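K.L.:
Spelled out from the first residue to the last, the chains are:
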Amino acid sequence: MWLVAAVVALILLPAVFGIALGWFIAAYAALVLATATVLRQVNREPGSWLGRRWVRRALVVVLGADCLVLLFGGVWFSTAVLVPIVLLILLNIALGRATQRVATAPDATLDERQEELRNRAHLVSYRLLAIGLTLIVIIGVATPQTRWWLTHSLPLGFLGFLQLLFGLPAMVLAWIESDRLAPEGEQKVGDVWAAASLPLLGLTIATPFVLSLALTFLPVHTSPWMGPTRVDYLAASNSPVHCREFFTHASVGIGVEAEIPLHAWACWDGRHAYGASGMNRSDCMPTQSVFATVTTTRCTRTTSADGTLHFTYRAAVRPALLPFLVREMEVRLVIDRNGHVERFP
Amino acid sequence: MRSVPTTDRRGAQPDRSLYNRIAVLRAERGLSRQQLADAIEVNYQTIGYLERGDYNPSLELAFRLSEVFGVPIEAIFSRRPLRPMSEELYRPQRPEPRARPA
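If you're matching them up, the sequences are chains P and F in order.
With our numbering as the guide, the letters of the first sequence map in order to residues 1 to 345.
With our numbering as the guide, the letters of the second sequence map in order to residues 1 to 102.
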């Protein structure tokens, strides 16, 4: 249960520190808890899914990919760092169940076959770790760029290294051991838990990546609002100046999501339209993102020769887990010198 | 006589597994894998590995199996494919040669 408590604490920690994460985090936390609970109920002598070699090898591949994400991902100052860490915990629980923790068991609890398997796993792990450490040394001295990358990835990369240092024997053992036999007679109920564990674990692992991918093709939603036209009695102008308030949010994604706002006042006097407030570069700031990074790529306000005001706020959204993907979001306001809104948002 | 190493140079199991009659002997005595495993003090998964030929036992483990089944080790394991025990037991005997008169 301490593992479940650790998972819960990791999920809720940002909420304790006042970071607004939304409904997705709560739902994902529930999914993680359910998966962890089911994994712990899986029979300790699996002849079911977790006892099959291809399942164990898939677990090892996913665990290795998670370590690579920790090593190469630039998500240190983002809530997205929770996802690979949570996955690390869940996958280790599953791996422990799948291997019956033979890799770390003392001699007295193992028979000769298990002892030989454990020793072989440790031998292979030692060799793999030696190769990995050699690569790290080479990376650390090769070029200034690789040294910078090594230093930049050190905090999370060290976590991935610890996983390999302590978990590699179990991963090797899971890879090399043959299919296990199904338990004789009993444990129909145990098979139910085992049957549910694999889909749940797959769903928990896949959900953040699927939602990150969905960010790139889901439509952008906007909620525009325009206030009534007001006369600006304080404006120093010979002709009457009218102003209007414009408000909108442009958001994209589900769970992995981002939002950019626009809250501005535009005025016109029949000769030209101009931005009264909310259209400066300092106003182009994203308000919210979940497991995504938002970068303002354009924030311009221009008035054409015919007096039409053009305001463009464009941002690039990248999922934290798949930073090589990018989605453009744009909010535009075009209003002519007579107050006619040609485009919004 | 050619010696057969128990492991190859890498410490891995040899490609040629031993043939065995563990499953047959276990079925004849009505033993489950768990019961046999308890009798020879190993994990029941190891029984499965032995029966499939995925693991070659140590000499000590082979002797334990011999004691439990009450048959010699060569009746349980062989480097060559084993014939059915019934064929081994009821193989027609060759007539003994007659003694020549002095």
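Hints are computed from structural coordinates only; laboratory data are not their basis.
This structure is a prediction, so every number in the text was calculated from the model and none was measured.
Note that beta-carbon positions come from the ideal geometry of N, C-alpha and C, so glycine has one too.
There could be a bad hint or two in this list.
[To be verified] Okay, the calculated beta carbon distance ranges per label pair:
1) F:52 to P:34: 42 to 52 Å
2) P:34 to F:64: 28 to 38 Å
3) F:73 to P:106: 23 to 33 Å
4) F:74 to P:123: 30 to 40 Å
5) F:73 to P:68: 26 to 36 Å
6) P:30 to F:70: 52 to 62 Å
7) F:78 to P:131: 38 to 48 Å
8) P:68 to F:23: 53 to 63 Å
9) P:159 to F:17: 55 to 65 Å
10) P:202 to F:72: 44 to 54 Å
11) P:58 to F:72: 41 to 51 Å
12) P:178 to F:72: 22 to 32 Å
13) F:35 to P:34: 32 to 42 Å
14) P:129 to F:67: 40 to 50 Å
K.L.:
Would you mind marking each hint as holding or not holding in the structure?
P.N.:
Results for each hint:
no.: 1; hint: F:52 to P:34: 42 to 52 Å; in the structure: violated, 36 Å
no.: 2; hint: P:34 to F:64: 28 to 38 Å; in the structure: violated, 44 Å
no.: 3; hint: F:73 to P:106: 23 to 33 Å; in the structure: holds, 30 Å
no.: 4; hint: F:74 to P:123: 30 to 40 Å; in the structure: holds, 33 Å
no.: 5; hint: F:73 to P:68: 26 to 36 Å; in the structure: violated, 49 Å
no.: 6; hint: P:30 to F:70: 52 to 62 Å; in the structure: holds, 58 Å
no.: 7; hint: F:78 to P:131: 38 to 48 Å; in the structure: holds, 41 Å
no.: 8; hint: P:68 to F:23: 53 to 63 Å; in the structure: violated, 43 Å
no.: 9; hint: P:159 to F:17: 55 to 65 Å; in the structure: violated, 41 Å
no.: 10; hint: P:202 to F:72: 44 to 54 Å; in the structure: holds, 50 Å
no.: 11; hint: P:58 to F:72: 41 to 51 Å; in the structure: holds, 44 Å
no.: 12; hint: P:178 to F:72: 22 to 32 Å; in the structure: holds, 28 Å
no.: 13; hint: F:35 to P:34: 32 to 42 Å; in the structure: holds, 37 Å
no.: 14; hint: P:129 to F:67: 40 to 50 Å; in the structure: holds, 42 Å
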